[in-house]
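Since chain A is already given, all that's left is putting chain B on it; use the hints.
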Amino acid sequence: MAKIIVYNIVSFILLIIFQVAVLKNVGYYNIAIPLPYILFILLLPLGTPNFILFLLSLLTGLTIDAFYDSIGVHAAACVALAYFRIFFLNITLEVDQRESFQTPSWGNMKFKWFSTYIVLATIVQHLVLFLIEVFSFQNIIYTLGSALLSSIFTISIIFVISLITYSGKNKLTSN
Amino acid sequence: MKNLWLFLVRYNAFFWFMLFFTFSIFLVIRNNNYQQSAFINSSNVVVGSFYTKFNSWKEFLSLAETNALLIEENTLLRQQLQNIEAPDSIHNDTTFTLLKDVRYQFIPAVVVNNSIKQKNNFITLNKGKKDGIEVDMGVISSNGVVGTVLNVSENFCTVKSLLNTATKISVSLDSTNLAFGTLIWGANTDPRYAMVRDIPNHIKVTVGQPVFTSGFSTLFPKGIKVGEVIETDLSSGGSFKDMRIAITTNFSNLTYVYVVKDKLAKEKLELESLNNNNNG
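Sequences listed follow chains A and B, in order. 122 is the number that our numbering gives to position 122 of the first sequence; each next residue is one higher, with no gaps. Count along the second sequence from 1, add 175, and you get the number used in our numbering.
Because the hints were derived from the structure by calculation, they are not lab data. None of these values were measured; they are calculated from a predicted model. There's no promise every hint is true.
What the hints assert, rightly or not - Simulated DEER-style distance windows between Cβ atoms:
id : chain 1 : residue 1 : chain 2 : residue 2 : range
1  : A       : L149      : B       : L181      : 42 to 52 Å
2  : A       : M1        : B       : R205      : 36 to 46 Å
3  : B       : T197      : A       : P49       : 19 to 29 Å
4  : B       : S231      : A       : I140      : 20 to 30 Å
5  : B       : K177      : A       : W113      : 35 to 45 Å
6  : B       : T197      : A       : K110      : 41 to 51 Å
7  : B       : F189      : A       : S100      : 19 to 29 Å
8  : A       : P49       : B       : F182      : 10 to 20 Å
9  : A       : I140      : B       : L236      : 30 to 40 Å
10 : B       : N187      : A       : F67       : 29 to 39 Å
11 : A       : K24       : B       : K177      : 42 to 52 Å
To be verified - Sample of chain B residues with no beta-carbon within 12 Å of chain A, all distances over it, derived:
id : residue
12 : L181
13 : N206
14 : N301
15 : K379
16 : L409
Said to hold, decoys possible - Computed from the model, here is a short list of chain B residues facing chain A with C-beta under 10 Å:
id : residue
17 : F201
18 : L202
19 : I204
20 : R205
Glycine included, every Cβ here is placed at the ideal spot set by N, Cα and C.
Bound conformation, chain A alone:
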């Protein structure tokens, strides 16, 4: 249990630093920006209570907002992401799996499930993020386009990170 907490704290710090120190300066003319910090929320243990999940999402979002000077935008997107995560886990996983403290990582889950999870969650988070950032339905095509391109960017980086940190099956289940 303690190992999970430490693991998550470390991943939180590393992802945030990676996001704000490196990826903040990376982007394709504001059309596509990578935001792989959401991996932290996606990789929280499966059995995380809803309230804790929402709270951590909000905190993650607010941390990013603090660096991006966009108070609330990322927070809202992350909260939406947390809700999507709960919804997705509910419809795809068995109850016992859902209540374990397994990390839903590439190593622990099937690749098909993991990739679907990452892709859908990223698209949801980016759509909410861009819509709130623009805060209007004018130029909706442009907004949706940049959300989609950013999603592709983010998804690729998330897969790269997942690949790098890939470890054998069920590494954390014993805890």
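Leaving out everything else, chain B in the frame of chain A:
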């Protein structure tokens, strides 16, 4: 209560989501100038379009009021027109300035009761003694003669309509007073037509010729169009001929009228009464 609790627990994710999401949006709007202004703007769009819709209805509902204002303005314009028409080319400016005011004043009024189907028709207007209406004033509409004031109360007056056997109005065949006669409703029962009597036989009258008020009486200013001749030779025998005319005033939908107040009426009548005294 237990069910409610179960419901809340079952859908706790959704409620947490609403709570946290609302909080985030609140932060966004509160702390971000752009979203703040955008928020206010979008709400303004909503409010603005609502008001536009609402106003179009309101405008429709206040049409009556608008019409009243327009008729007020028309009255003013008519009075100003008098300023221009009053001085003949023969008169010089001094006469005109001595007159100081125009001779006729128009008081706008609304028809509150009207009849066209009776043998003697009367109209009730919403202006009375309070507004300066007196007995025997002429009443015109924007396109013709209506009648003369018969009785006046504090707030209302009754008008002896042109469609009344007792109404007689002095008219001329054109604005230059070549020939004048008397306008009566005549024996017909159609509110669209009236008779002009006592036109001398030697006057040539053509169908379609306009008929105007003569301005001889104190009732109407000179040159208000009454109607057009549609039948010329309804001979009544003797040296005069009768004509049937189509009235320009539409009595069936009469709404706004002007009461004509002749400011010099008293002076004129007093002067004319001297003639009678001399005769007597």
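Results for each hint:
no. : hint                        : in the structure
1   : A:L149 x B:L181: 42 to 52 Å : holds (44 Å)
2   : A:M1 x B:R205: 36 to 46 Å   : holds (38 Å)
3   : B:T197 x A:P49: 19 to 29 Å  : holds (20 Å)
4   : B:S231 x A:I140: 20 to 30 Å : holds (29 Å)
5   : B:K177 x A:W113: 35 to 45 Å : holds (36 Å)
6   : B:T197 x A:K110: 41 to 51 Å : violated (36 Å)
7   : B:F189 x A:S100: 19 to 29 Å : holds (23 Å)
8   : A:P49 x B:F182: 10 to 20 Å  : holds (18 Å)
9   : A:I140 x B:L236: 30 to 40 Å : holds (38 Å)
10  : B:N187 x A:F67: 29 to 39 Å  : holds (31 Å)
11  : A:K24 x B:K177: 42 to 52 Å  : holds (50 Å)
12  : L181                        : holds (15 Å)
13  : N206                        : violated (4 Å)
14  : N301                        : holds (53 Å)
15  : K379                        : holds (75 Å)
16  : L409                        : holds (75 Å)
17  : F201                        : holds (7 Å)
18  : L202                        : holds (3 Å)
19  : I204                        : holds (8 Å)
20  : R205                        : holds (8 Å)
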